[in-house]
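Asker: Spelled out from the first residue to the last, the chains are:
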Amino acid sequence: MTTVLIAIAALLGLAALFGAVLGYASEKFKVEGDPIVEQIDALLPQTQCGQCGHPGCRPYAEAIAEGEEHNRCPPGGETTVEALADLLGREVLPLDNEGAEDASVERVAYIREDECIGCTKCIQACPVDAIVGAAKQMHTVIADECTGCDLCVDPCPVDCIDMIERPVTLATWTWDRPAGIGRRPEQRIEVVNL
Amino acid sequence: MRANLTLFQRLVPGARRAPTYDFPGGVHPAEHKSVSNQTPIAPGPRPAQLVLPLNMHLGAPARPIVTVGDRVLKGQMLAEPAGAVSAALHAPTSGTVVALGPRPIQHPSGMDALCIVLEPDGEDRWAERRPVADHTRLGPGKLIALLRDAGVAGLGGAGFPTSVKVNLGDHQRVEQLIINAVECEPYITADDRLMRERADEIVLGIQILQYLLNPHDTLIGIEDNKPDAIAALRAACADSDVEIRVVPTKYPSGGEKQLIQLLTGKEVPSGSIPAQCGVVCQNVGTAWAVKRAVHDGEPLLSRVTTVTGDAVARPGNYEVWLGTPVADLLRHAGVDKDRLGRLVMGGPMMGFTLHDPSVPVVKTSNCIIAASAEELPEPPPEQACIRCGACAEVCPANLLPQQLYWYAKTDDFERAQHHNLMDCIECGACAYVCPSHIPLVQYYRYAKGEIRTQTAEQIKADRARERFEARQARLEREQAEKEARRRARLEANRKKQEAATESGAGDEKLAALKKEVGQASSAYKAAVKAAKTAEAQEADNAAELRARADSLKAEADRAKAALRDAKATAPAPAAAPAESSALADLKKAVGEASSAYKAAVKAAKHAEAEETDDAAELRARADQLKAEADRLKAELRDAKAAQGPAAPPAAPAPSTQDSGTSPEKPADTPSVANTAVDEQAAGKRQKRLKGLKTAYNMAHKQYKEAHAAVERAERAGQDSDEALAAMHAKVEKLKAKADHCRDALDALVEQAKADILAHTGKDLKTLKLDAARAESALRDKADELERRRDTSDADTLETLNSELDALQEHAQLTRLALKTAVEEQGLVEE
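In order, the protein sequences belong to chains A and B. In terms of my numbering, the first sequence is residues 286 to 479. In terms of my numbering, the second sequence is residues 470 to 1299.
So that you can see chain B by itself, here it is in the shape it has in the complex (with noise of 0.2 angstroms):
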């Protein structure tokens, strides 16, 4: 849509050639700008301390870098930028840090924010600057870096850190940047002076702009209100490619969404921002304020704010130092108290009321209104809302204020945001034609603080029912593992009883299978018996009784391989056991070993005595079997040895627990310590008598040997007498030796004995008796069983059996006691 020309747009050709677009809505406020653009920027006052809030900007505020004592001077970094969006704040003169602390700032709840107090030393010493003087060279990435560090942000009422505003990466095309000059609410004229007085800087500030936006188009969009203004711009912008563009004073052309859409025609979308629709909007004071950082070297440390209105007698602009309380600056321009009715921070339509003229200038102050009270007078009561209409003409963003009011009034936030409440600029367009003098933006304000809370509220509800529920999915999941532990353990304790029970059965399969081998064994000897009768009859079946007879054999053989492999893979209890009886069948191979040896002498002998002609073979078997059962014998021994230091405290481990577990029997438990001296006792015994024995049995075996060399040697007769004697000195002595060992042995063993009498209540004798006893009942059960087999019936020979298995457990019992009590004393029996 064409504008309708302006009275300038004819008089000035230049800005006829510009198309230019509009905005809706919009009010013409008086201006009452010339109060304070008559006179040249004057510098601000020298306040005796300057409160410099950490959140001057837009985003989060600045990280202090210095403490409280620091002297420091102009231009030095007092906190840094905290996170992406942020800008730095410098000292704006040389002096002391006072205080970190809060104070009031500039803010329309009156609230204390962290500030740095400094207290100016006068000197205004700057420090060192870095001035660039071509910033093409510098590249965007220092640039950007440059901005950030020099802590400029956008001066014209937001505070957005203009570092973050000019860095969109590569992939965003700007197509228009806009430099906003516009300056559209009443009273406020400092951007006018600005560039008056200052067009050059502004352009160079636009070029670093320009280069670093790189836009297709540069536009200036200023008020035509401001001719001296556009007068200066246009001459500093004649041999460059910034355009101009004059718009017609309209309130607020001002905003950077109505100014985009008055100089492109674009209307921002509900929601996004500018850069998305290819435009970026810079006030003309950042433009300022860009130079300064980059061909100055100087950081932002002042602005200009406008003092105005009615209550100070010297209105006009002052270049102020970030900081300077804003009683200072009053004063400064000559403020009259009694006439001051309303202190207004910014303009008259979007400032807000100071409470405090405390309150520093920051980045953002554009304006300080001191108005008297027929000036600003205060805003008259409320009415009803009669549905004029008004406010929807003016609107600049095309709302329907009339809707927002009533539904912020009643609190239906839901259908204000349907409304676009969030799109309201808070311009006050609406508030200003009211008849009704409703407070519409205080209304807005309320309502989108209100949404804004719900919508924190909502985030962190959403959060706290995350947070609930992984706290009650991390408790089942515990809950779980635990009964998952539980049942582990409980499934452990189950497979453990069932190997036990298993290992019970082990015992009973095994119990069964030596049932079966005696079974099997004695019907073999039935067989063998009967076949034996019928050949001593001769009679027909003695062959096919035999045949039986061998093939019931086979069977017992097959039975008892079974039963000597089971036992063979009992489970690991039966380990020790298994040792001891491969100590026991090492014996037994000894045992035999000699006795063969003994036979073989024997028969040696015999042959000798009866000379024959295998005497000397005979004698050769006979040494070669000694050998044998000599290493036998070593082999025992080596196993004893090994078996010895476990087997001794394996012995006499249960006594101690007898001792400890039973005090039915008093006799072994006069205390506890008497028991372990005795069982240490009973173990030394235990030693000496295997010693003793070994000893013995050596020396035995010496003499003996001695005795048949000696023998042999007075049948041959062929040695000398002093030889013989020679040797007959040497039986005598092994055989005193023998003796001698025996004889400590017998003691020995007989204390032994007695010491089983003390413990067991038995003496030795009645438990060899006991067990022989159990011994001879269980063969003539065995006997008995054997009788009965073939003419008794199931039943009796099923009770034979189990009769039978009650002796042959007794007779272990018996056996096991002996054993027990031969064994604790270190009696074993040969």
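So that you can see chain A by itself, here it is in the shape it has in the complex (with noise of 0.2 angstroms):
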């Protein structure tokens, strides 16, 4: 009966000291914010387009850690999707890009810039800041800091702004993918110069 007793006790005392060491650790260790935000946040294009109808990427990447479905943006495509699915543990859904253009061709905002009257509308539209001008002033895109998220095309007065494809540059060239089994790789040249 003692050995019982004195076993019961000995379970309650450890119970209650590492009841008190995960209390304490619990407190001493809080993670501040939510880290799956963090993570969607990080996986998102930052184009801040607000194509999923959200204000931007992170508000995007709350109300998904909140449970809103993951395939809502486009200029993510379906590789973003997988990777939040992978993330979060969902299902690969199909992207729901109702009639959006085609997101793998990167696209800059470009102003005409006769045609700009300076309104400043485009640059309150701007979610990353990217056009720089003022009131009466002509103003241009940092063609290095658009995202193509096309915001400021709407607000403009004077449909000044075109969304226009970003060219190739021998920079940002790869190679291409070859042609898979079965197929000879593109090799074939007409000199014809000589």
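Simulated from the structure, these hints should not be mistaken for lab results. All clues given are correct.
Derived pair list, reagent style DSSO-like, types lysine-lysine, alpha-carbon separation capped at 30 angstroms:
#1 K406(A) to K929(B)
#2 K1162(B) to K1067(B)
#3 K406(A) to K951(B)
#4 K951(B) to K421(A)
#5 K1057(B) to K1067(B)
#6 K1029(B) to K1288(B)
#7 K1022(B) to K1056(B)
#8 K1057(B) to K984(B)
#9 K1206(B) to K1095(B)
Some chain B residues close to chain A (C-beta under 8 angstroms, calculated; not the full set):
#10 S578
#11 P850
#12 Y912
#13 A930
Built from N, CA and C at the ideal position, the CB exists for glycine as well.
Dock the two chains into a complex; use the hints.
Answerer: Structural data, given as structure tokens:
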């Protein structure tokens, strides 16, 4: 009987001890913020385009963390959907891009500077401050900072903003994917100028 | 690991001593070197145009310093290095810059890039050269700058600017300087021929590199398939500390990391550069270019390029001007158009197929292969991987090509990176041995490109996130600032209002104090009365009552003092009244003084009349008082003058407002202009009135004084009749003057009164009456209050008090109306 009592007392003592340790640890090493939101945000393309219905990528990351569908990011494309599904342990959903333009082509806003009237509306619309200019002065896009979200196109009262495709340069050119099994790599050349 | 000794090492005694190591993998493709290494280096073609890309080297493209139409000399700089990792570009011959624009360049993409197009004039005239005979006297800094300006870049294949590679800083100890003379790729013999023919120049270049890097050992790594070159180098290095290490022929022993491993046994870790292991590798061609740049003062203008393949009639090595189009070079070597199947720039293993033969030869172009279709046939179709593992056996970087292939094929770039895809040197050994003809290198290049793109996108995304968050923070801050401003404004408004109500409270306090004073004084009066009655009746408590009255008086005085203080400390809005009250005080003082003076005069007269002793004294006193009164008068005048300019506009202002804003007083507002005129007239009259009054007062006073003097003189009877007559005349004159003044004044006052009547609908008399009535009502009420103070209950007293207050207010109002009316017309009450 005493053995049993001793055992129970010992177990209770241990339980109390570990409980205290765990309680202390949970307070001491408390994680500030929501780490899952950070992780989701890191996977999103940061175009801040708002096509998901949220004002920027981080708000969408927060919404995903709270259970919203993770397939509403057209700029991210299938890759992002897959990465998010992988991270969240959810199903891979088909991309919900309701007639959005082909996201694989990177675009950049271009202001036709002759037509710009300097209304600053596009500056206010740009989520990443990539447009410079002042009232009644011509505006221009910092091409390197432009995410191609096209949020500046609609507010323009004179429709002087175009979304143009980013041309491939020597710095951004990459090798093509080989054609695959059963095909020859494309190596034929036409030597014409000899 | 000690490599097996080759036949050559067994034959050459010197080679035996050096320890050699091995690197994993490697292949032994057919060499085809004898096609091009049989003839000496021949001069290249003299093309009609030279196309000089701005990015012939690795790093930032050079910045052009010439414009279209410029005539340039051979060796003249066309573009300067832009940034730390960059090299200059020079004119390979004299001629004219004819274009500066995009041209197809040496790039597997076949894309265009900015080029300077030079049309040679055929004279080949040199610009001024500055040879440096002894590079040690120049110093490392200047030497590095010289190499940078000479546009020397690695001629082995990557084209890394040499000035950057030899500028390591003091902390970096170089143990081995390795001169790469391996030239392991098939077909290429440019370095072979260069070593055979220009070994001395190469060794001089190596000595310059040694001077710059100060290495512990200098090793020349050379494959054993170039015995002539080895012999030539040996001869040239005979009396130097340069060690020649002959390595067995194996592809790709010329890879930088492979050669380092082969010669030193050191393995350069993944992601680091050889310099971090204390090794610097330079191509043998680069050493030659360094020598030319320093000792001959010739920038990098040409290079030795192998032209080989079945499709050319005269394969061999040509010293080609940079910028020479490949087509010109091929024609120069006698190309057979019909036999040409594939055109490759670089070696057959690592080179790339040229899409356009107009691309120029650049600093990194060591070989052009014009192969027939049989020689380099089109690769057969890709087949499925049979997992034989041959690729893993030949990989010189110890990678798992098969795994990398799977990952690249399924776009699993993360795993590919985990398998060190980035360490792949794209040597092509795996693809060479693949029995399924899988273009493995192309898969790796594709995967590498995607990874680089993704990394760039990630960096961009991070920057976009930063900018987005910075913008959000800024917007929030602006919002907060706006909110703070709004709050501050609200707070200010509230404070203002509070202040207003406080000053209202001050008024209330003042009123309360007044009331207190009134009560105290009435209590005191009552007490005095009671005491008097008691004294009159000779009651016992008379003394007591008297004392009580005294204490009450003290109380009343205290209350009065408090009221005075409160008035004095009244806030700013009360300032103007305070000023006018100061004026009033002054006036009062003047009045008192003058009355005192008059009293004194009277007393003096009386004394004189009674002929008392102290008459003179009294007289003197009167004079003194007079002086005092005069002084006070002068002061008053000054004060009025000081206030004058401010006061008159202040007075009419309310009437303007009245006329403007209260249409219920039609008498006031025939028209705004009329009112304005009226006001002007009133202002003028006010001034005139004041002037007249002063004049009258003065005249009257003088007259009085003169009259008094005459009377005194007559009484004394001392003066002569003449004098008396004169005095009389003077008195008369003064009287006339005073009368005149008075008449004018009266007329003016009448006019003002009429105006008041016109303005307020009441004449001055009515106003005065009103004021008097209000005053008397007030007095009656106060009396009643006093009477009933002791007899009535608190409520009645309260009612009476409030009535009294109302009356006081009424009286004040009427007084004010009177005062306003009077002041408006300048009729200040005497």
